[in-house]
Amino acid sequence: MPYVPHTPEDIRRMLGVIGAPSVEALFAEIGPSMRPKSFDLPEGKSEMAVLAQMEDLARKNAVSQMSFLGAGFYDHHIPAAVDALSMRSEFYTAYTPYQPEASQGTLQAIFEYQTAVTRLTGLTFANASVYDGGSALFEAAMMAVRQTGRRRLVVCEALNPIYRVMLASYTSNLNLELATIAHKDGSCDLAALTAALDGDTAAVLVQNPNFFGTLHDFGALFAAAKAQGVVSVITVYPVLQAVLKSPGEMGADVAVAEGQSLGLPLSFGGPYLGIMTCTRDMVRQMPGRMVGRTVDTQGRTGYVLTLQAREQHIRRQKATSNICSNQALCALRSLMHLCLLGEEGLRRTAEICIERAHYAAERLAAIPGVRLLSDAPFGNEFAVSLPVSAYQAIDKLTSRGVVPGFPLGRYYPGLENALLVACTEKTSKEQIGILAEMLRGMLL
Amino acid sequence: MNTVFKKSDPGREGVWPERAHKSAAELLPAGLLRTRPAGLPSLSELDVVRHFTQLSKRNFGVDGNFYPLGSCTMKYNPKFTETVAAMPGFTRLHPVLPQLGGAGRLCQGALEVMYETERLLCEICGMSAFTLHPMAGAHGELTGVMIMAAYHKDRGNKKTKIICPDSAHGTNPASAAIAGYEVVNLPSRDGIVDPIELAKVLDDSVAGMMMTCPNTLGLFERNLPRIVEMLRSVDALLYYDGANLNAIMGKMRVGDAGFDVVHLNLHKTFGTPHGGGGPGAGPVGVSERLVPYLPISRVEKLEDGQFYLNYDFPKSIGYVAPFYGNFGVVLKAYAYILRLGRAGLIRATESAVLAANYLRKRLDGVLEVPFDRICMHEFVATACKQTTCGIRALDIAKMLLDKGYHAPTIYFPLIVKEALMFEPTETESLDTLDQFADDLMALLAEAAVDPALATGAPRTLPVTRLDETRAARSMELTDDL
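The listed protein sequences correspond, in order, to chains A and B. Plus 178 on top of the position in the first sequence (first one is 1) and you've got this note's numbering. Plus 424 on top of the position in the second sequence (first one is 1) and you've got this note's numbering.
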């Protein structure tokens, strides 16, 4: 039997020591009424056969398409060294570092990860990560609810709609009020967001760049929030943080992010990485694991899980969150990715992505009938309005090998003709040219 | 060892892309840009490779060390599943593809993996339907409790409480609280749930009870049929914490036994690596009456054999994940189940229970086992006897590290003093179990003579014991503090 090393002789010896007549006797407490009514599973297969079966399944996915999909999840180049290093089994076959002396590798890496992400967001503290950007946003909202004792959340409609529906699900039993402030042609309505803040508001939640790709400076909004005792929560795109004004510079209290763009493949939705950072004022509300630096009995530097009094295994139902696992290996990969690119590499990546998107916007807007949804500044993603339904355009172009973008009408009624187009450093000018020509041809 | 930031030397070239023609300042208004660099390190590729290779050497993992960490099921992680998860046909798949109308045709292979995995998990657990969305065990718990809440709301039940036995994982009460419930703590008797104690707290306000079976003492919950009856009498639901499923696969099915909701830890039972604390995956299965409340989307199969995602479930709790859970982890678990098959899964369970009982017997008389009877896949011992000569569970754990073994789980469950929880798993050979038992006995014998051997451990690792109080007080959580 694969992976089970006990020979029949081993089993006899083990049963002898236990004093049990058979292996089945060890299960005697499971009464007849509790026994399986069926256990109808296929018989096992060789490694080669399973790999062949999985290859067949992988081939049923069309990944050779040219794609302009983003919507918060981006196809960036991952340095080969990220895969090579993260596949060191000392990292990936370890558990949560409960025994710090035997886990300094994981612990120091998480400490360095916490440092790297706080430098990106310009805030002071980070945790060891949560599941994904959406759960990070929910946890950030709950930090604000606990900190303020208030129950109203003001949410910008241009915040990723996938995260907004997650927020709605998670808060449905918690007696919280979600006030969603409409976007204006893909831009956040800063005046309306500011006006929506009041003494009952726990947090204002915004995104930069927002779901439409539009960039904002939320400095004034966050200052207005502070004046009302409202916690400012922002979710960002970590790659663009190399060049964009940081949450810290804007005065945010909690900054979160989907970390997928830092060294994690798209992988059909996961595993991803929920990055969470905050100010000193908010750190006691932080959920999940955190690693701190200390010394050993001989005065040498070492790392431990710390501030565990917030956590479920100590506090049970009074914990700041139910989170136990983080996404340690994903956090490790993102740290490796950031180190391999470094300051210059990440800045270059951000600039190429932005440059390519601006080129694409120019090419697409030159097609008769196509216009940019707004003239607001954008990063590596932008929305165009087509003279036809975006679904129709996607369907036609996809069948010719190009996925032109995401249909905004899926989440924004009234924007059925709007297409969200993303570029990364992997998008070539030639590909953009092909997209433009195919779209032009389709609209003729 | 210096942090990676201390090794930075501006000017060293990493894995850089080509330079853009225009800078951010030329492309965007100045007010939107950061005024100073973020402060990421500048390193050569070899600098980075060497740093992380050295860090990896400061870690124990299953591949290098026996890892009998109770409750965590640290079994061997077959290598071929990594090959599967790294196939470009899966890694390059964008998660919004199925939302593009007809573009579901571009990801039929991935949808089929999800559909088939759900089907297999249903058969393994005897449940009516599964969702793969929850991204970890605790996330599965939260999802499961939200489903229970939706059921009661739909039926007009006024329920405010969830019962958690005192042996429960800490995540159980925390998940129930996060989902909006009041938590009732249930004391165990003789290590298991006692129907008489249950009767004292059970009334119409109880939404459900969260159970781990076998429980965290490694004991089978013998009174389960009675507990099921009692809960049904007040329309309360029974939740199964799947952390210990490795003890019962093929011997008991959760659904047949009367549970309504179950979460699994694919990273425990189904051999996917723990990654130093994640990513895991926590799929949730439900009985027939809870199917309408599962999260959306759900993968379905058309008559022509095509797979698609259905979002039209008006009673659903909504979205718990941005997409379909940790798909990369699900892939590995699916491949693992295909490889082992029916007989392999049963054999895994049998051998896990056999190994745990063998180790329990081998340590007989050395460490006290408070509930000393046939255990399932793990058992809990106590260092109470050793405390009389000044040696605590923590000291025993640290001595084991010096011998190259990962420690058992210590100080959990909370209801056993000085607890040491051993879970050897099915993948460890008899030689390893014997060597471990011999080494542990020798260590305890030496320490009984000279307790300083224990209290000064570990001595052979990169660091000795660390000052946790100082860490909590100084709050140096980044290199900048």
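A portion of the hints provided could be inaccurate.
Derived pair list, reagent style DSS-like, types lysine-lysine, alpha-carbon separation capped at 25 Å [what the hints assert, rightly or not]:
| hint | chain 1 | residue 1 | chain 2 | residue 2 |
| --- | --- | --- | --- | --- |
| 1 | B | LYS675 | B | LYS785 |
| 2 | A | LYS496 | B | LYS582 |
| 3 | A | LYS496 | B | LYS446 |
| 4 | B | LYS503 | A | LYS238 |
| 5 | B | LYS827 | B | LYS809 |
| 6 | A | LYS604 | B | LYS446 |
| 7 | B | LYS785 | A | LYS607 |
| 8 | B | LYS675 | A | LYS223 |
| 9 | B | LYS841 | A | LYS496 |
| 10 | B | LYS582 | B | LYS624 |
| 11 | A | LYS215 | B | LYS675 |
| 12 | B | LYS725 | A | LYS238 |
| 13 | B | LYS481 | B | LYS503 |
| 14 | A | LYS604 | A | LYS574 |
| 15 | A | LYS215 | A | LYS238 |
| 16 | B | LYS585 | B | LYS624 |
| 17 | B | LYS481 | B | LYS827 |
| 18 | B | LYS739 | B | LYS725 |
| 19 | B | LYS675 | A | LYS496 |
| 20 | B | LYS785 | B | LYS809 |
| 21 | A | LYS496 | A | LYS238 |
| 22 | B | LYS585 | B | LYS827 |
| 23 | A | LYS574 | A | LYS238 |
| 24 | A | LYS574 | A | LYS607 |
| 25 | B | LYS785 | B | LYS827 |
| 26 | B | LYS503 | A | LYS223 |
| 27 | B | LYS785 | B | LYS841 |
A few chain A positions that, by computed beta-carbon distances, are all more than 12 Å from chain B [to be verified]:
| hint | residue |
| --- | --- |
| 28 | GLY283 |
| 29 | THR293 |
| 30 | VAL581 |
| 31 | GLU615 |
| 32 | MET616 |
Just so you know, these hints were derived from the structure itself, not from any lab. No experiment lies behind these values; they were computed from the predicted model shown. For every residue, glycine included, the Cβ atom is placed at its ideal position computed from N, Cα and C.
Hints violated by the structure (numbers, ascending)
Hints 3, 7, 15, 19, 21, 22, 28, 29 and 30 are the ones this structure does not satisfy, whereas the remaining hints hold.
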